[in-house]
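Engineer: Listed below are the residues making up each chain.
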Amino acid sequence: MRIMSASPSIARKKKKSGSKIGFLYLLPALIAYGYVVIVPTFQSLWFSFFKWNGITEAQWVGLNNYIGFLSNPLIKQAFSHTLVLILFYSVLPISLGLLSAALISKTQIRFSGFFRSVIFLPQILTSVVIAVIWRQIFSTDGILNDALRAVGLESLTQPWLGSFTFTLPVLGLAGSWTTMGLCMLLFISGTANISTELYDAAKLDGAGAIREFFSVTLPGLRPQLAVAMTLTLIAALRVFDLVWLTTRGGPGTSSITPSVLLYSKAFTQSDVGAGAAIGVLLAILALVVALVIVRVMDDKD
Amino acid sequence: MVIVPLLLLLGAAFSPVQSGRIDLGDLNYSNFVNVWKEAEFGRHLLVSLRLCTLVVAITLVITTLAAYAIAILNVPGSKWIFTIILAGLMIPLESILVPLYFTLRAMPFGGGATTLLIAHVGLNVSFGVFWMRAAFLAIPKSLIESASIDGASPFKTFRMIVLPLTKPALITLGLLTFLWTWNDYFLAVILITDPDQLPVTLAIGEFATKYSNKYNLMSAAAVLVALPVVTLYIFFQRKFIQGVLTGALKG
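In order, the protein sequence lines correspond to chains A and B.
Counting from 5, one number per residue, gives the positions in the first sequence under this note's numbering.
Counting from 6, one number per residue, gives the positions in the second sequence under this note's numbering.
Hint data in this document are derived by calculation from the structure and do not stem from the laboratory.
One thing to keep in mind: the hints can contain errors.
[Claimed, not checked] Which chain A residues stay away from chain B? Per the calculated CB distances, all over 12 Å, these:
(1) Y39
(2) G58
(3) S75
(4) Q81
(5) A196
(6) E216
(7) A280
(8) L286
[As the list claims (entries may be wrong)] The calculated lysine-lysine pairs, modelled on DSS-like cross-linking and capped at a C-alpha distance of 30 Å, are:
(9) B/K84 x B/K215
(10) B/K161 x A/K24
(11) A/K24 x B/K84
(12) B/K146 x B/K244
(13) B/K146 x B/K172
(14) A/K24 x B/K172
Heads up, the beta-carbon is just placed ideally off N, CA and C, and yes, glycines get one too.
Model the full assembly from the supplied sequences, consistent with the hints where possible.
Structural biologist: See below:
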């Protein structure tokens, strides 16, 4: 409107037809968005109040799907796996990323374009590729078992992805691999923006490397930290492809995640309401994660 | 640490042994030929290419138009329309998937690649509008004002001034849309039931399950799937990194 009122004749024209035409510009996007995102969001909430097998008539059960979750061991297991995955997707890569940023900022090494492209590469690979890579490393006659045999640790070799104990951590490591480069890239380029005066001042104050890290580097990286946390936490919350392509949640349910559970509830066990309810829970958790991160990051200011 | 698994994958793809063990003295590309034949890779490649082209084209058209209406034309209510569109960035795919599956399955083209096309386009609206709006707002106001004083219609201004000035942003959006569509597995695994219309990720995923002990073939398949995106990445590395970091919040 600001632009249009620059000339009175155009302003008049706009009043007549401008808004209608302007709305036409919006229409295709709004239709696609409404059909694929907005309507299904509310439908999900609505579905979650029903017991429905996807075919016959649905039955209103109110909050029972959610109440049922409280006593459902599978749901608890899936979300406890999410906590483990957060360690691998988020905590580990962020810690390593911060560490490498701290080390590199001290040595003043500029990190090369090639290094940048390589550490970011896992982010643009599709999950099928990542699954193949990690299945191969951890398969019965894969490279890890080969390496163990070579150093005489034959007794430790095992089918890693068929193990009740190791499957989840192994999948977690694959996740760390995909998010680590991103965290390193964020933090290392973030330290480049921290003014060197701050480091000089810290040195004058006699701060050691560790003090310097906590009083200069870490606060300076706050925006990058927020991005990395949001990204990796939500990735951990949503893990599906990697599990589906390697173990389908098994052996047993030892690597099941909320998204895998959603899939099997809604599309194989014909419990559509419960599947939708898991979706709603995930949306709420994602929202909480984002809000908490924004709040915490603001508070420190 | 990042590069070793990638090298292992490449090595295994050229390995003649099933386990994918790498023997540098004995490398051959027969795995690629076998995968191409056995997985009918060519056909699925075409499905994916067609899907990606259409998704990119439609996404670019509808999101630039919408962003233009919001950022430049200032359509009444554009503030709250933009807020609603932004909200989509916060909604994870999981929370719309179940109803979306039932809606799209009921369509005459249910289970085919068209369902994926619609789903991808709809899911791209939030980020596309967000991205292009920011680019449009960076255009100096005086340029647009002078165009309208010269009597250019809003659409002419859009085509002759706004789009050419925001070409870099358009290219990034196109690349990201291609990346997301090509790489998608989750949506495809749920929405596609027609075996003739499996996009390449899904086809290779099934192939990998079927030949789960032939690691050399699996690796060759994985390399083939990754190739188009990696090629684009080599040429547009900066745009990818910048875009992925901004688009990271996309559900």
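Engineer: Each hint: holds or not?
Structural biologist: Hints, one by one, checked against the model:
no. : hint            : result
1   : Y39             : 6 Å, violated
2   : G58             : 7 Å, violated
3   : S75             : 22 Å, holds
4   : Q81             : 18 Å, holds
5   : A196            : 14 Å, holds
6   : E216            : 25 Å, holds
7   : A280            : 4 Å, violated
8   : L286            : 5 Å, violated
9   : B/K84 x B/K215  : 51 Å, violated
10  : B/K161 x A/K24  : 17 Å, holds
11  : A/K24 x B/K84   : 16 Å, holds
12  : B/K146 x B/K244 : 26 Å, holds
13  : B/K146 x B/K172 : 17 Å, holds
14  : A/K24 x B/K172  : 27 Å, holds
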